[in-house]
Amino acid sequence: MIGEFTPGLILILGALLVPVLPDRIRAAYVVALPLLAFAQLTSLPNGQFGTYEMFGLPLTTVRVDKLSLLFGYVFIIAAFIVSIYSLHEHDPVQQVAGLIYSGSALGAVFAGDLVTLFIFWEGIAIASVFLIWARRTERAYRAGMRYLVVQVTSGLLLFVGVLLHYRQTGSLAFGHLEFGTLGAMLIFIAFGIKCAFPLLHNWLQDSYPEATVTGTVMLSAFTTKVAVYALARGFAGTEILVPIGAVMTVFPIFYAVIENDLRRVLSYSLNNQLGFMVVGIGIGTELALNGAVAHAFADIIFKALLFMAMGAVLYRVGTVKGSQLGGLYKSMPLTAGFCIVGAASISAFPLFSAFVTKSMVIQAAMDEGRFWIWLVLLFASAGVFHHAGIKIPYFAFFAHDSGKRCDEAPTNMLAAMAIAAALSIGIGVFPDVLYALLPYKVEFRPYSLDHVVAQVQLLFLSALAFTLLMRTGIYPPELRSTNLDFDWIYRRLGRGIVIASARVADFAWKRIVAATVGGAQAAVVEMRRHHGPDGILGRTWPTGAMAFWTTVMLMAYLILSNF
Amino acid sequence: MSKKPARKSYWLDKPRNVDRLVHTFYVICALLVAIDVFVAKHGPFAIEHVFGFYGFFGFVACVALVLIAKQLRRVIMRPEDYYDR
Chain H
1 MIGEFTPGLI
11 LILGALLVPV
21 LPDRIRAAYV
31 VALPLLAFAQ
41 LTSLPNGQFG
51 TYEMFGLPLT
61 TVRVDKLSLL
71 FGYVFIIAAF
81 IVSIYSLHEH
91 DPVQQVAGLI
101 YSGSALGAVF
111 AGDLVTLFIF
121 WEGIAIASVF
131 LIWARRTERA
141 YRAGMRYLVV
151 QVTSGLLLFV
161 GVLLHYRQTG
171 SLAFGHLEFG
181 TLGAMLIFIA
191 FGIKCAFPLL
201 HNWLQDSYPE
211 ATVTGTVMLS
221 AFTTKVAVYA
231 LARGFAGTEI
241 LVPIGAVMTV
251 FPIFYAVIEN
261 DLRRVLSYSL
271 NNQLGFMVVG
281 IGIGTELALN
291 GAVAHAFADI
301 IFKALLFMAM
311 GAVLYRVGTV
321 KGSQLGGLYK
331 SMPLTAGFCI
341 VGAASISAFP
351 LFSAFVTKSM
361 VIQAAMDEGR
371 FWIWLVLLFA
381 SAGVFHHAGI
391 KIPYFAFFAH
401 DSGKRCDEAP
411 TNMLAAMAIA
421 AALSIGIGVF
431 PDVLYALLPY
441 KVEFRPYSLD
451 HVVAQVQLLF
461 LSALAFTLLM
471 RTGIYPPELR
481 STNLDFDWIY
491 RRLGRGIVIA
501 SARVADFAWK
511 RIVAATVGGA
521 QAAVVEMRRH
531 HGPDGILGRT
541 WPTGAMAFWT
551 TVMLMAYLIL
561 SNF
Chain L
1 MSKKPARKSY
11 WLDKPRNVDR
21 LVHTFYVICA
31 LLVAIDVFVA
41 KHGPFAIEHV
51 FGFYGFFGFV
61 ACVALVLIAK
71 QLRRVIMRPE
81 DYYDR
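Line by line, the protein sequences give chains H and L.
Mapping to the numbering used here: the first sequence position 68 is 68, numbers consecutive.
Mapping to the numbering used here: the second sequence position 76 is 76, numbers consecutive.
Same shape as in the complex, but just chain L:
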């Protein structure tokens, strides 16, 4: 990456390009889950051997994390200058 003038329009500035990037990412995710069939797992826990466990777990964990954190805001969020007042 070289230094560019500030006014230059960047590839990522176009929403179409961002969409392209995201759609490519979706395809990669689907492929990643699909190859689970071909991978022999060696872990001791039964749940690990369920098809697509790691992908599914990562997805659910992060959705849960964000939704819980969002609710947490109701309880703990205060104005920025809370301690300065």
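Next up, chain H with everything else stripped away, as it sits in the complex:
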């Protein structure tokens, strides 16, 4: 043990050295840091460490238990895979941001109190936006700005929520939170934003596809999974999470079917996978919670794999628009193969990772007799295969030949994809290794005959639907397009309202100014008319006129005095 501090600090402090190291050493250094963090993690026994007082408040910077360890392991695996995937790049901005980002994510899952959680929560938000900005385009800059506003809002809600919670309970410990008090509600919404709850989700699909090739892979791994961890820790068994999660599994898949940007398709699919985890956390039984966090573990790896495959296409071809791709298996056969492994994993084919994790959540819904939730999850499972499992590999690597020819992905990218693919298959084939890491004892057996047959039937007949729709020409073609989602509210409607109100204010201001100036001018003109050099009251009158008016006055007085 190097000391009793969070493994995240190794990555965060390690990042500071990156800009001053020469290129060649830097590559090895960036790969070595996650390994060092892993060494630190394995040296910490279960328990609470790094406790100290800040302003009289007791803080616990490290809490090691099965739940935090599980996320710790998978975050380090993800950081390691991405560090290999990005070896061909020489962009210190991304390397520093990536390390601080993954370090903050690690710090957040090991946080034993809400203040420490908040500090790393903000670290995640601020470090990650640089992975979007590092694309260095106007579009990425704007998307990053919108992303940052949403993430900082989440942080702000968390901060206020923690303060209220502390005032009410007198405790800062990050354990189960009672849903119902205002403080807990604000914390819940803060988690919900980061977890991309329906209507709070759109920052994800808006920003992730605009990040760099490696940036998107990192983003997909950490932010939302920290939120899943936080929900599992704070709100396990909160009933409202069940319908929220169910909606999350369904609505993104409709968008995914018609979306053209394949990295955006994956972002919608990420949202859908989060739904399964949220349902599991909401159901809250031991099986459901095991399923939720196990699925988070598997999802980080296969989603990274899919984003890496699409990143390799973007890197080589310069686009991931479905309408411009096709036939790439001829140029990038290995990438295509890895992509298919990722697709099979997310689709939960037997022997691939999601089959042994997602099915726990579905089984938990069945055990609890939640018929409609079960049906929704089944629909979403078929939908996942359709839009992520088939659509992604099909439109990128097969479909009609776009005529595009390029090199296979760089060796380091292939190596990273190979590791992720091996892990995805490994989890599927040897589920007990992952099950041993889960917070509760696992009695669930994924490989029963009826379960395997049911799943294969579901998937093959889903594929049959795709094939028939494709061959009859009913399947909607990939089109260059933008699909409106909730972000329209702030990107168009909100912007429209702001612009319209600015116009109204501008008009009103001009009118007020015009009226004031006009009134003043009119008054000056009027005064000039009476009192100016030629005004009737400012003139020098002749003496005769004075005598005449005096006579008129005297006459009037004389006449009036007779009555």
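Careful, some of the hints might be misleading.
[As the list claims (entries may be wrong)] Each pair of labels, with its calculated beta carbon distance range: (1) L:17 with H:408: 17 to 25 Å; (2) L:76 with H:243: 17 to 25 Å; (3) H:507 with L:84: 21 to 29 Å; (4) H:422 with L:12: 24 to 32 Å; (5) L:75 with H:333: 35 to 43 Å.
[Unchecked claim] With a cut-off of at most 30 Å between alpha-carbon atoms, the simulated DSSO-like pairs for lysine-lysine come out as follows: (6) H:404 with L:41; (7) L:41 with H:441; (8) L:8 with H:404; (9) H:404 with L:14; (10) H:66 with H:441.
I should point out that these hints are in silico values taken from the structure, not numbers from a laboratory.
The beta carbon of each residue, even a glycine, is placed where N, CA and C say it ideally should be.
With chain H held as given, fit chain L onto it using these hints.
Positioned in the frame of chain H, the structure of chain L alone reads:
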């Protein structure tokens, strides 16, 4: 899979081969539904025990998904540069 010269004609380039692949796939699907008779199911919901439920559900779900998504395009689809204008 090894690296091949760009001009090479691939097995999948021939429509006949694609047809073969698809027809094989149809046969597998039919067989998969057929073996439903031999599998004892243990789920709590009655609908699960209906013959071929999972296959039928997957098929209908995906057709519905695509048809609804297609209609959704009428409402939400905009030109690619919609937000840039």
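Does the Cβ pair residue 75 of chain L, residue 333 of chain H satisfy 35 to 43 Å? holds, 39 Å
Does residue 441 of chain H sit within 30 Å of residue 66 of chain H, going by the straight-line distance between their CA atoms? Roughly 11 Å separates the two Cα atoms, so the pair holds.
What's the verdict on residue 404 of chain H and residue 14 of chain L, does the C-alpha distance respect the 30 Å limit or exceed it? Status holds; Cα separation ~18 Å.
Assess, step by step, whether the Cα of residue 41 of chain L is no farther than 30 Å from the Cα of residue 441 of chain H, and give holds or violated. At roughly 25 Å apart (the allowed maximum being 30 Å), residue 441 of chain H and residue 41 of chain L satisfy the hint.
Has the given pair, residue 404 of chain H with residue 41 of chain L, been kept, meaning a C-alpha gap of at most 30 Å? Roughly 48 Å between the alpha carbons, so the hint for residue 404 of chain H and residue 41 of chain L is violated.
In this structure, is the beta-carbon distance linking residue 17 of chain L and residue 408 of chain H contained in 17 to 25 Å? Cβ of residue 17 of chain L to Cβ of residue 408 of chain H: about 24 Å, so the range 17 to 25 Å holds.
May I ask you to test the hint 21 to 29 Å on the CB atoms belonging to residue 507 of chain H and residue 84 of chain L? holds, 27 Å
Do the beta carbons of residue 422 of chain H and residue 12 of chain L sit within 24 to 32 Å of each other? At roughly 26 Å between Cβ atoms, residue 12 of chain L and residue 422 of chain H fall inside 24 to 32 Å, so the hint holds.
Keeping to a limit of 30 Å between CA atoms, is the pair of residue 8 of chain L and residue 404 of chain H held or broken? With Cα atoms ~14 Å apart, residue 8 of chain L and residue 404 of chain H stay inside 30 Å; holds.
Outcome for the supplied range 17 to 25 Å, where the beta carbon pair is residue 76 of chain L and residue 243 of chain H: Given range 17 to 25 Å: holds, Cβ gap about 23 Å.
The structure does not agree with numbered hint 6 stated previously, though it agrees with all others.
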